Amino acid sequence: MPRMDLIDHIEETNLRYNYCRSVLRSFFLPFVTLLVAAGLSFGQERQVTKLAEGVYAIQHKSIPAGESGNTTVIIGDREVFVVDSGYFPSVAREDIAQIRQWTNKPVGYLLNTHSHNDHNNGNRTHLDAFPSLAIVAQEETKKDMDLIQPGNIERGPKRDAEMIAAFKQGKGPDGHALSDDEKKQAQELIPVLENAAAEFKTIIYQSPTLTFTDEIDVDLGNREVQVKYLGRGNTAGDAIVYLPKERIIVAGDLLVEPLPYPYDGYPSEWVHTLRKMAKLDASTIVPGHGPIMHDMTYLNLVADLMQSAVDQVRARIRQLGFPGGLTLDQIKGSVDLTPFREKFAGSDKDVQAAFDDMAANLVKITFSEAAQR
Amino acid sequence: MKTSMTLRVTTGLLATCAGLVCGPTRAQAQVAIQKVQIAEGVYQFISAPDGYVPTTTNSVVIVNEDDVLVFDDFARPSTARTELAEIRKITDKPVRYVVNSHHHPDHWSGNEVYAEAFPNLEIIATEESRQYMLSLAKSWPPVWASQLGKSQSAFDKEISTGKQSDGTALTPEQRTEDEAYVRLKGEFVAEGMKVKRTYPTLTYDDHLTLRHGGREFRFMSLVGDASSTTVLYLPKEKILITGDLIVYPLPYAVRKLNQIAKELRMLAQFDADVIIPGHGPAWHDKGFLNLEADLAESIVNQVNEAVENGLVTIEEIQKAVNVEPLRLKFTHDDKELNAEFSSVVSEMVQNAAREARDGREWKR
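Here the protein sequences line up with chains A and B, keeping their order.
Here the working numbering is used: the first residue of the first sequence is 1, the next is one more, and so on.
Here the working numbering is used: the first residue of the second sequence is 1001, the next is one more, and so on.
Hints in this document: simulated from the structure, not taken from any laboratory.
Every value quoted in this text rests on a predicted model; they were computed, and no experiment measured them.
For glycine and all other residues, C-beta sits at the position ideal for the given N, C-alpha and C.
Please note that the accuracy of each hint is not assured.
Stated by the list, open to error - Calculated pairs, DSS-like style, for lysine-lysine (alpha carbon to alpha carbon, straight line, at most 27 angstroms):
| id | chain 1 | residue 1 | chain 2 | residue 2 |
| --- | --- | --- | --- | --- |
| 1 | B | Lys1319 | B | Lys1286 |
| 2 | A | Lys158 | A | Lys168 |
| 3 | A | Lys245 | B | Lys1138 |
| 4 | B | Lys1236 | A | Lys143 |
| 5 | A | Lys245 | B | Lys1238 |
| 6 | A | Lys245 | A | Lys279 |
| 7 | A | Lys61 | A | Lys184 |
| 8 | B | Lys1236 | B | Lys1089 |
| 9 | B | Lys1238 | A | Lys143 |
| 10 | A | Lys105 | B | Lys1236 |
| 11 | A | Lys105 | B | Lys1286 |
| 12 | A | Lys332 | A | Lys364 |
| 13 | A | Lys171 | A | Lys183 |
As the list claims (entries may be wrong) - From the structure, some residues in chain A lie toward chain B, with a derived Cβ separation under 10 angstroms:
| id | residue |
| --- | --- |
| 14 | Tyr109 |
| 15 | Thr211 |
| 16 | Phe322 |
| 17 | Leu326 |
As the list claims (entries may be wrong) - Computed footprint of chain A on chain B; a stretch qualifies when at least three of its residues, placed anywhere within it, have a C-beta under 8 angstroms from a C-beta of chain A:
| id | segment |
| --- | --- |
| 18 | 1165-1174 |
| 19 | 1273-1281 |
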């Protein structure tokens, strides 16, 4: 992992904002533009939280070139269960070193909560470290990964190279001429992107090896781990982990804080999946990104937001007729999610802007989902 | 076999295991197993009758790139130990996975052997099978002891009266056979009392696919003779391992016949060159699979028709069902198999009649 000495001074910036940008960036939006526009900064430091005896959540250090999803480590008497393997092999290596400090038991299972590669690019690193490892995913997640991820490993460095080239010409990726301030930030970003691209090229795609449809239960040795598919949501194959005794949920990107992540997925089903998750008896929730939660408040807020989007899009479709012949432009003006803006973003303008962007995408995928019916 | 039939149906006085099961001087013979290579790295291990079931029992050993998967591990830990010794002759790779097709004891009582030898072992089953194991296994030893007591009493009575339970004279051959049966059963029960129950560590509900060590293992939960039986399909090797969904020479699966028939027809669609049943030889065609499907289907159809025609009692329905055209295909006119066929069909008809009457499939 490249050391970000040049921009250490910016790290004091409020982590929430960094995170918003990181979220927005990750889905191939003109993310550097957003980054630069918002003021380059780097997110949280790596943070480990002990959730229960032998259960740890790792929030990875956030860098502009790619944010790793949270990793959760569950240690049993016989073996270890890991949830998600991060965006970079170096992140996985750091996690493995940490696990080896905690226990000499092997990692027997690595779950990919879903197909997005900020949760599974470290698969191969784990498999190399623990050759008898089973890499678990819901069947649809494996299908999506096999379709998309091999290409991502080539597309990522290409995208980075294009951005670097644009920066070097004094332009943003969208072609706009960078201001002096932006140029300075771009110069700082170039080595980060170069390092990331170089590391990305070392990734060997590793598909899940153990796939399931509804649920698997694993006994790690006096530690029961339930892996559940509660329905579609953020992707077609979101798996969550539930520890019934410890009352812990590991939610993957079905829950992302401070803003949800609706740049993919199935909002109408996502609501139901979240409502099902809310029925589990839990006092701790590890989201896909962001800090650990200790109640269902945020989960319910996300479900309410999505329900509102779904209801409003459907109401508009009822006015206009079958959605197959409609366009997003005919729909989006009738959907107002601003009542949720403050609940998510407070009074902060940056987060509010990020909320608006997220909400626009939520409407887009809600309409897209409805139009496919 | 007549021996087993006679002693198994005995309902004599309850007895303890004293003298037979617990006798310290009785030498415990190991159950013989036979190895049959099915494909590269795939072996069927066939145990001789072990005192739990009168037929042979199958376990399948699959050698992967770096480790081994074992599908079912017998009714006795000692048989699993023999199997493990045989595996050692084939490969020094560790056993990484054991699969228990379902909760009946002849499919998972060797778990302790593999778990002890391989701390890294994962034991795969359906969650429902695991739940049955957890709830039922403790109740088995006293039941077995009781059954053994009955068999022992029946045998003692044969000796004292010089007659079999049907009144015919006990011949020396029959006496030897019966004595061997009771001894084998005693050995099973003695071992069964001491099984260290070792439960699945990886359970699933519907489908589970493991891509591991150069192979693809597709596990699916079907009904079989116990609900949530795991059937394993290896698409590359074209091998289907069915647990007790298929049993030779006569089916064990006598309930939920409508479902059973559908599942067997579904399995017949699989691209499989070899079918390994829970008990019996490996098949290299789908003849026996389809025969079991024919039997289940025929009974369900005839029972449903009988019920629609207004027949009510089990006796009336039994009389209305005729599967004689299938009999010879199962029994080849073997006298004892003929008797067992009639008994199995009678049980199937009775269950199918209940299911038809209740409008739902009868659960045990």
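For each hint, the structure was consulted:
{"no.": "1", "hint": "B:Lys1319 <-> B:Lys1286", "in the structure": "violated (30 angstroms)"}
{"no.": "2", "hint": "A:Lys158 <-> A:Lys168", "in the structure": "holds (15 angstroms)"}
{"no.": "3", "hint": "A:Lys245 <-> B:Lys1138", "in the structure": "holds (24 angstroms)"}
{"no.": "4", "hint": "B:Lys1236 <-> A:Lys143", "in the structure": "holds (19 angstroms)"}
{"no.": "5", "hint": "A:Lys245 <-> B:Lys1238", "in the structure": "violated (41 angstroms)"}
{"no.": "6", "hint": "A:Lys245 <-> A:Lys279", "in the structure": "holds (15 angstroms)"}
{"no.": "7", "hint": "A:Lys61 <-> A:Lys184", "in the structure": "holds (23 angstroms)"}
{"no.": "8", "hint": "B:Lys1236 <-> B:Lys1089", "in the structure": "holds (25 angstroms)"}
{"no.": "9", "hint": "B:Lys1238 <-> A:Lys143", "in the structure": "holds (22 angstroms)"}
{"no.": "10", "hint": "A:Lys105 <-> B:Lys1236", "in the structure": "violated (33 angstroms)"}
{"no.": "11", "hint": "A:Lys105 <-> B:Lys1286", "in the structure": "violated (45 angstroms)"}
{"no.": "12", "hint": "A:Lys332 <-> A:Lys364", "in the structure": "holds (8 angstroms)"}
{"no.": "13", "hint": "A:Lys171 <-> A:Lys183", "in the structure": "holds (8 angstroms)"}
{"no.": "14", "hint": "Tyr109", "in the structure": "holds (8 angstroms)"}
{"no.": "15", "hint": "Thr211", "in the structure": "holds (5 angstroms)"}
{"no.": "16", "hint": "Phe322", "in the structure": "violated (34 angstroms)"}
{"no.": "17", "hint": "Leu326", "in the structure": "violated (37 angstroms)"}
{"no.": "18", "hint": "1165-1174", "in the structure": "violated (count 0)"}
{"no.": "19", "hint": "1273-1281", "in the structure": "violated (count 0)"}
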